[in-house]
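Undergrad: These are the residues of each chain, in order.
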Amino acid sequence: MSELSITLLRFGFLILLWALVLAAIGVLRADLYGTRVTTRGRGRERRKPDNRANKVAAPSRAATGIRTGSISTSSAAVGHLAVVSGPLKGTTIPLGTAPILIGRSPTCTLVIDDDYCSAKHCRIFPEDDGWRIEDLGSTNGTFLDNQRVGDPMPFKRGDQVRLGATTLELRS
Amino acid sequence: MATVSEISVRAGRRSELALMGMAWVIIVLARALVDYNAAYLELDAIAFYGLGAAVLMIAAHFVLDRVAPNADPVMLPAVFTLNGVGIAEIHRIDLAEGTGFATAQITWAALGVATMIAVLLLLRDHRKLRRYTYTAGVVGLILYMLPLVPGLGITINGARIWISALGYSMQPGEFAKIALVVFFAGYLVTNRDTLALAGPKFLGLRFPRPRDMGPLLLVWAAAMLIMVYERDLGASLLFFGIFLGMLYVATQRLSWVLTGMGLFAVGGTMAALTIPHVRSRFDAWLHALDADTYSSGTSEQLVRGLFGMASGGLFGTGLGEGRPDLVPYAESDFIIASLGEELGLTGLMAILTLYLIIVQRAFRASIGVRDGFGKLLASGLGFAMAIQVFIVVGGVTRVIPLTGLTAPFLAYGGSSLLANWIVIALLLRVSDMARRPSEEVA
Chain S
356 MSELSITLLR
366 FGFLILLWAL
376 VLAAIGVLRA
386 DLYGTRVTTR
396 GRGRERRKPD
406 NRANKVAAPS
416 RAATGIRTGS
426 ISTSSAAVGH
436 LAVVSGPLKG
446 TTIPLGTAPI
456 LIGRSPTCTL
466 VIDDDYCSAK
476 HCRIFPEDDG
486 WRIEDLGSTN
496 GTFLDNQRVG
506 DPMPFKRGDQ
516 VRLGATTLEL
526 RS
Chain Y
10 MATVSEISVR
20 AGRRSELALM
30 GMAWVIIVLA
40 RALVDYNAAY
50 LELDAIAFYG
60 LGAAVLMIAA
70 HFVLDRVAPN
80 ADPVMLPAVF
90 TLNGVGIAEI
100 HRIDLAEGTG
110 FATAQITWAA
120 LGVATMIAVL
130 LLLRDHRKLR
140 RYTYTAGVVG
150 LILYMLPLVP
160 GLGITINGAR
170 IWISALGYSM
180 QPGEFAKIAL
190 VVFFAGYLVT
200 NRDTLALAGP
210 KFLGLRFPRP
220 RDMGPLLLVW
230 AAAMLIMVYE
240 RDLGASLLFF
250 GIFLGMLYVA
260 TQRLSWVLTG
270 MGLFAVGGTM
280 AALTIPHVRS
290 RFDAWLHALD
300 ADTYSSGTSE
310 QLVRGLFGMA
320 SGGLFGTGLG
330 EGRPDLVPYA
340 ESDFIIASLG
350 EELGLTGLMA
360 ILTLYLIIVQ
370 RAFRASIGVR
380 DGFGKLLASG
390 LGFAMAIQVF
400 IVVGGVTRVI
410 PLTGLTAPFL
420 AYGGSSLLAN
430 WIVIALLLRV
440 SDMARRPSEE
450 VA
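Note that the protein sequences, when read in sequence, are chains S and Y.
When the count follows my numbering, it moves up by one through the first sequence with no breaks and lands on 527 for the last residue.
When the count follows my numbering, it moves up by one through the second sequence with no breaks and lands on 451 for the last residue.
Calculated from the structure, these hints are not laboratory results.
Heads up, the beta-carbon is just placed ideally off N, CA and C, and yes, glycines get one too.
Some hints could be false.
Unchecked claim - If you only want the chain S side, here are some residues facing chain Y, beta carbon under 8 Å, derived: (1) 359; (2) 363; (3) 365; (4) 366; (5) 369; (6) 372; (7) 375; (8) 376; (9) 382; (10) 383; (11) 449; (12) 451; (13) 454; (14) 471; (15) 480.
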């Protein structure tokens, strides 16, 4: 072998050594594991509300039927309830055939930690072809498009419901 | 309001395999370059060597895949690379001096990998080790004290850290290191609350109460005994450093570390002033380039190592093209200087970064694992590796006095290699637990 190829091999070895080091560091960078803390809440409400509504939420709620993460297209026909503002912003609940109870009580499907919410605030239930919303005698009221809900009212796709600091939207 | 969501961990076994491939190329290329530059290149030998390395690496990979699927993906490639580069450099010094260390080192490396696999297979849960807390403590102390037994211990180069029996010699201190980490982890996880309790406040730091100082003083006394009777500053510093590091992790109090370092500095200074062997090491360190110290032979090795590294420069002379064999013990204590000469600063930095990666992974496993014992075990093993590398490299580059410790995985030495492969097995075991998705944790 010539002098040149020896020199090339000599430097090639050093380059290879560093390539391994950098590749190892690259693997480590892709390997950020553990927990990620996402702050949510009033401070960030102003920014891109629609975008945020589709993002991550508490995974512990996965067991209670509340969906987390992005929405898969397969359930689009069924429809879901999205929290578009308030402390639980970003949470979505798939709508099946069962009624959904919303309030501060831990027995509710959607538990909202808000002083302006009642323990059992309102109920969303399927009837005929669509969904209906009913206030369960809450102190501060449930508002469907700025109209106070009393007896069951039809709850159509795209309608927004406000209870306390929380706004819910029915989506498909 | 904030939510804490867990990110799913990729086990990374495939990345590991890719990194292993790179490590294999480095290992075989290192050996081939050494052979070529010694005009000794035999393709048969290289092929056989490469095949052996591949078998060991693939075996380690598959065992990990089976028994610890979530274990850290970069630890094994880094360790294999260090071991392979070490073997190539030892082989290179063999060729220059006509010794046969490399063959022995290859055997020890194979045994080391086998030991690691055995530990991984036998120890399915690191928490089992906690049952043997005090057993490990006693075993560790006995292992440390073994070289002092008359007739068993032998003195090599002034340090009494070897035992010799049935024609074989070994350094029990390397294994004692592991036993003591297990002991400290088990002891501190039970007693850390007492040690972290209130004490007098001084200079803005809360210092431990005098009556809680017992364990620290005991370990300090043991470290001093090692220094005085085995005349081994390195082992003593390593032993005490591991304890201080783990104590800090357990109590989060800097005052313990400061108190401990103060105690050790006092003890070290006393030893340097009174014990001739330690004193000559200090002399060689502080006045290495004085003509008197050099010609009396005290600092000759150190200075030759420094000149070797200097002649290596930024990119080194190339594997097999320098003269590292001019330094005494170039294959064991001074392998760092040998590599510095032939791979240059660039290569030495890559090697140090590999150590850094191993230590970082140890601490990451420690952060990730959920039980206190595992946390202390992984961080203790990480400290052991980091402090040992610091003592060795610091000694060779004249940052601290030279000691008899060897660079993990690089240097020639069966006990050291075997012990460090066990350390890696334990770290892989803890990291497997740390990276396992939470619902699977028992």
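Undergrad: Against each hint, give a clear statement of whether it holds in the structure.
TA: Evaluation of the provided hints:
1. 359: Since chain Y brings no Cβ nearer than about 13 Å to residue 359 of chain S, farther than 8 Å, the hint is violated.
2. 363: Check failed: Cβ of residue 363 of chain S comes no nearer than 11 Å to chain Y, outside 8 Å.
3. 365: holds, 4 Å
4. 366: Holds: closest Cβ of chain Y sits about 7 Å from residue 366 of chain S, inside 8 Å.
5. 369: Constraint on residue 369 of chain S satisfied, holds at 5 Å.
6. 372: holds, 4 Å
7. 375: holds, 5 Å
8. 376: holds, 5 Å
9. 382: With a closest approach of 5 Å, the residue 382 of chain S hint holds.
10. 383: Interface hint status for residue 383 of chain S: holds (6 Å vs cutoff 8 Å).
11. 449: Since chain Y brings no Cβ nearer than about 19 Å to residue 449 of chain S, farther than 8 Å, the hint is violated.
12. 451: Constraint on residue 451 of chain S not satisfied, violated at 24 Å.
13. 454: violated, 26 Å
14. 471: Violated - the Cβ of residue 471 of chain S stays beyond 8 Å from chain Y, reaching only about 16 Å at its closest.
15. 480: violated, 28 Å
In the structure shown, a violation is registered for the earlier hints numbered 1, 2, 11, 12, 13, 14 and 15, in ascending order.
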